[in-house]
Amino acid sequence: MNSHEDKPRSGLSRRQFLKGTGLTAATALASTPLLESGPAQAAQNARAATPGFGPGPVKLELTVNGAKVTTEVEPRVTLLDALRNYVDVTGPKRVCDRGTCGACTVLLDGKPIYACTCLALEAMGRRIETAEALHAEGSLHAVPAAFVQFDAQQCGFCTPGFVMAIKAALDRNPKATPEELEAAVSGNICRCGTYQQMRDAIRSLCKKMAQHNGQPIQTLAAASLSAGCCHHGKEG
Amino acid sequence: MAEIKWPQQRRVIGTKVPRVDGPDKATGLARYGFDINRRGMLHAMILCSNVPHGRLKTVDVSAAEKHPGFRGIFHFKRQGQEVFYVGDEILAIAADTEEHCHDCLRLVRIEYEPLPFVVNEEAALKEPGKGTVPNPGQGNVRPSGQRSVGNVEDALGKADAVVEGTYSVPVQCHCCLEPHGMVAEWQGNNLTVWCSTQATTGIAGMLEAQFRNRVPDVKCRCITHYMGGGYGSKFIPGPTGIACSELAFMTKAPVKLFLDRFEEQISAGNRPSATATVKIAGTKDGKITAFQADIYGTPGGGAGAGAVDAYHQLVPYVYTSIPNIRTVNRTIRLNTGDRQAFRAPGHPQACFLTESAVDDLANKLSLDPLEVRRANLPTDLPNAFKRPIYEEQLKIVAEMCDWKKRWHPPGQGPSKGPLKHGLGLGLHTWGGGGRPNNDVRVAIKSDGSVLVQCSTQDLGTGERTVLAIVVAEVLGLNVKDVTSEIGESQFGRSTGSGGSTTCPGTAPAALIAAHRARDDLFAKLAPRLGVNKDDLKIDPEKPGKIVAGDKEWTWKEACARLGMDTVVGIGDHPGDQSLSSQGVGGVQVCECWVDTETGIVHLKNFWAVQDCGLVINKLACESQVAGGIIMGIHYAMFEERLMDDNTGRPLNADMEFYKLAGMKDIPEIHVHMMDMPERGVIGIGEPPTISTAAAIGNAICNALGVRVPRTPFSPMNVLAALAQKGGA
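Going down the list, the protein sequences come from chains X and U. Heads up, the first sequence is in the working numbering, so the first residue is 1 and it goes up one at a time. Heads up, the second sequence is in the working numbering, so the first residue is 1 and it goes up one at a time.
The shape of chain X in the complex, shown without the other chains (with noise of 0.2 Å):
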């Protein structure tokens, strides 16, 4: 089994999630009864200089990729939307939004996560990975690397939060076994059906961290690019 077995999963605990969300909502809830009153009162309220978070919009500040980004937004916003909605990182993909599917893994502080289920106010302060970080300056991390080289991957909405959790896992144990990275990955699901394929490139990759001894994974060789994908950037 695992090395982490006794470790949570995801960066947080299921008990310190609770936790957290618990307080912020109940924080939420003794300074505004936003149920009883009708949206002209609950706008006044979130205008309103309420301490702490919300129910209003809040200043948000998360390290992602290394950079620094700055919004606002209401205390109930998820990592997720959050990423996704504010500040146009669009990696992590809100699939089942509710902690089931891995399509939205991404690291924070180097643990896998699903962002569906963090708040964005429990990410401040915190080191924020997403899919996009392993295709930088031309050239690709490894793990997807060996997805594009053996074909893991159709539709590809689920394929960034696989590669996801199998970066963090290769992280952990840079000498992970193909059963561990399998195992790694028992958190998401494809709908396509790219098990096999990934299953190719796992053993591939746990071959090629084997012949380098266990070094960490951004010092592997990146896959050279296809110059023939027309790159569709960011609209708008």
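In case anyone wonders, no lab produced these hints; they're calculated from the structure. Among these hints, one or two may not hold up.
What the hints assert, rightly or not - Computed footprint of chain X on chain U; a stretch qualifies when at least three of its residues, placed anywhere within it, have a C-beta under 8 Å from a C-beta of chain X:
| no. | region |
| --- | --- |
| 1 | 9-23 |
| 2 | 30-41 |
| 3 | 94-103 |
| 4 | 449-463 |
| 5 | 499-508 |
| 6 | 624-630 |
| 7 | 659-665 |
Idealized CB from N, CA, C, for every residue including glycine.
Position chain U relative to chain X; hints supplied.
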């Protein structure tokens, strides 16, 4: 011009080419419709019915309209109208943020006058005339057809063995990971939508029609650079597209509307259920002499019934030459979400119903089920051509899985304590032909760059790469030298990606376009290179070069002579069978171990033999076949939409209780592509998912000696079957 043919000697086509957009997709840089953010963009959500059937007594939106974030509202249904299922759309609201959108929906007050409802087939069959759906006069259970060939009664009487069984597959949700939806933005008369769709040109046309009476010269452009799964459910704008584009029109702002997971599961499409009581008869030597089936299934309550209305035509599936057939079919209308086309509509159901019965007959006759298949392959027109293909496939798959050694009579295989070993198979068929109206444009510039464009879309099949491969082959280049642009409706005509027709529709078009671009290039270059244009050649032995006799130029050198000129070649599918054809067969074998104490099925190995004509990209082709099997594993082992009879509500409209397979559930999958280049290109998206559930069911039966008659093959259903036969 000489007739254009696929090259005999192929340098790029048929090799393993990693998809050109792979890096962008794997690292989240690829922008799907759901990922598009526009300046000043509003967010919209749909409020749907939370009763299975009712009349809208009150629809009060006054409080929502006063919310400071509120921007606009679109009504699907007004006061006094009926809603027919939980998930039926009532209205959509646009607001400045998603959070405010949620708030606005909560402020809408709806009152329903409850009306009777039925949400499960068994309940409907108890009161067939009830009528709780649109066109209530026809009742909930409606005859949808029957057919009769030969004399079934007579054949049943004369047979050496007759087996009767009832087999069943439940409703399956598409569960697209990227939900249905779009971003819509108006600029004057121009509407741009970034839509998750399988038909960019279809969406553009349908949205233009939606607005033409208000905006006479409306022009819609649909962009689908990437889309996160459709499987047949994303051909039309649907309620999401209509509401989104209407809200953008009314608010004069870009609007994003994508369904949430609950709505995606209940209202965005599903594969209809199917249940059949089958009587099958045969002779000692394994010849099937009679097939009789009483079938029903549900497509939901609304518009078309799709494959459900054709079940009586679809069985006995590939065994079209059985001399005596009688089938009766009923379509059951329920207060549930409507069906949509789903990867090989009707086929996995027909395959499961038929192959389970054929297997039971083989068991009753104590014959090897593979030999029984062989004895009943089609000999009738137009299916007879598949017979030699199936014969070859059965031979290959038997060798691959060592059938003779691994197969054993049902319930008599190896055991490991409570674990029993099983092996089973299934056969399938599909069309997959190419169609005209797929414009492919190839442009070559003086810098040597090559651009191939088509408005078609990539559902995950690697379509961008297909075009680049074909063009690179013709021009003597590498795939990376060709830029492939797809998924924009203004690139010309293209057909929707359905029926496995995209690759066979566009690859021939790309071949013709590339040939024409090459001819145009030679015509323009010949005088500038001082040679006769007929002497210019692209030699597959010398990639990256253009040659004329003993002279040669690198691609870049030659193209540089174009100066300000651009070379263009445009092609379409020729509309005949010269470059693509249709009609495939496939055989799959499953090996499993079944735990008779827990009812857990462990899939061990899958072997698949699939023909698909000329393979364009071997890597993506094998990936499609393995993916089809995995989707079949989802279907066979886990998927079932559950509806509550008492409340009429769905019980698993999420991804926690609507189960899909994970990495650990997947056996080793061994794919053999039967390359038949002489047939041209044939689509591969649908066929490999068809016989998977049948093969698994037959393997389980082979392990237990007991038929588990319905999917999913959950511990509950396995144990129930064991208990009923007194086997546990």
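Status of each hint after checking the structure:
Here's how the region 9-23 of chain U fares: 6 of its residues keep a CB closer than 8 Å to some CB of chain X, so the rule of at least three is met and the hint holds. Under the rule that three or more residues need a Cβ within less than 8 Å of chain X, the assignment of the region 30-41 of chain U holds, with 10 such residues. With 4 residues having a beta carbon nearer than 8 Å to a beta carbon of chain X, the region 94-103 of chain U meets the requirement of three or more and the stated coverage holds. Check on the region 449-463 of chain U: 4 of its residues sit with their Cβ under 8 Å from a Cβ of chain X, so the three-residue criterion for coverage holds.
As drawn, the region 499-508 of chain U meets chain X at 0 residues by the rule of a beta-carbon pair under 8 Å; below three, the given contact is violated. Coverage of the region 624-630 of chain U by chain X holds in this model, with 6 residues showing a Cβ closer than 8 Å to a Cβ of that chain against a need of three. By the rule of at least three residues with a Cβ nearer than 8 Å to a Cβ of chain X, the coverage given for the region 659-665 of chain U holds, with 5 such residues.
When the structure is compared with the earlier hints, a violation turns up for hint 5 alone.
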